[in-house]
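> Sequence:
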Amino acid sequence: MEHGSTGSRTGSGDSVEHGSTRGRAEPDNSVEHGSDAPDDPLSVRVGELARDENGDSAGFYVEDDGIGLPEDADRVFESGFTTEESGTGLGLAISERIAEAHGWTAHALASEDGGARFEFRTP
Numbered sequence: 001m002e003h004g005s006t007g008s009r010t011g012s013g014d015s016v017e018h019g020s021t022r023g024r025a026e027p028d029n030s031v032e033h034g035s036d037a038p039d040d041p042l043s044v045r046v047g048e049l050a051r052d053e054n055g056d057s058a059g060f061y062v063e064d065d066g067i068g069l070p071e072d073a074d075r076v077f078e079s080g081f082t083t084e085e086s087g088t089g090l091g092l093a094i095s096e097r098i099a100e101a102h103g104w105t106a107h108a109l110a111s112e113d114g115g116a117r118f119e120f121r122t123p
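All the letters of the sequence shown, read from the start, carry residue numbers 1 to 123 under my numbering.
If you are wondering where the hints come from, they were derived from the structure by calculation, not from laboratory data. It should be emphasised that the depicted structure is a prediction, and the values quoted were computed from it without experimental measurement. Treat each hint with caution, since some may be false.
Quick list of simulated restraints, FRET-style, between CB atoms [as the list claims (entries may be wrong)]: (1) D40 - G103: 35 to 43 Å; (2) A101 - A58: 36 to 44 Å; (3) E100 - D56: 40 to 48 Å; (4) E112 - S57: 33 to 41 Å; (5) E100 - E53: 21 to 29 Å; (6) I67 - L90: 18 to 26 Å; (7) P123 - D40: 32 to 40 Å; (8) E71 - D40: 29 to 37 Å; (9) T82 - D56: 30 to 38 Å.
Note that the Cβ used here is the ideal one computed from N, Cα and C, for glycine as well.
Given the sequences, and given the hints that come with them, work out the whole structure.
This is the structure we're talking about:
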């Protein structure tokens with residue numbers, strides 16, 4: 001399980017990065033995780049958003065360096081929306097509902113690396 005630190009540091013210095021540089025001996029699941037190339041591992045970063053003027057966390061982000069958001073990115077939080085034949089379209093819809101239940105907002109953006117970035121912001 002990947003997660004950001006709860007320490008007092010902010011920004012990417014406080015993020016956790018997941019990615020593999022080893023060869024793939026296990027079955028390939030790169031398409032499921034956003035990469036079309038099995039030899040090009042996907043990197044996922046999770047971190048804290050910049051703190052506000054009171055020092056309170058503004059939330060957290062999850063971003064990758066995959067293929068990015070679909071053209072109809074405004075629909076990614078809709079229940080049942082998927083771009084994959086085997087996808088359920090439930091993951092982001094559930095994530096957004098959990099965020100909203102806690103008074104947070106969820107946003108889908110392009111990451112600096114061209115992949116997808118999801119920000120979960122406090123009120």
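> When the structure is checked against the list of hints, which entries are broken? Sort them ascending.
2, 3, 4, 8
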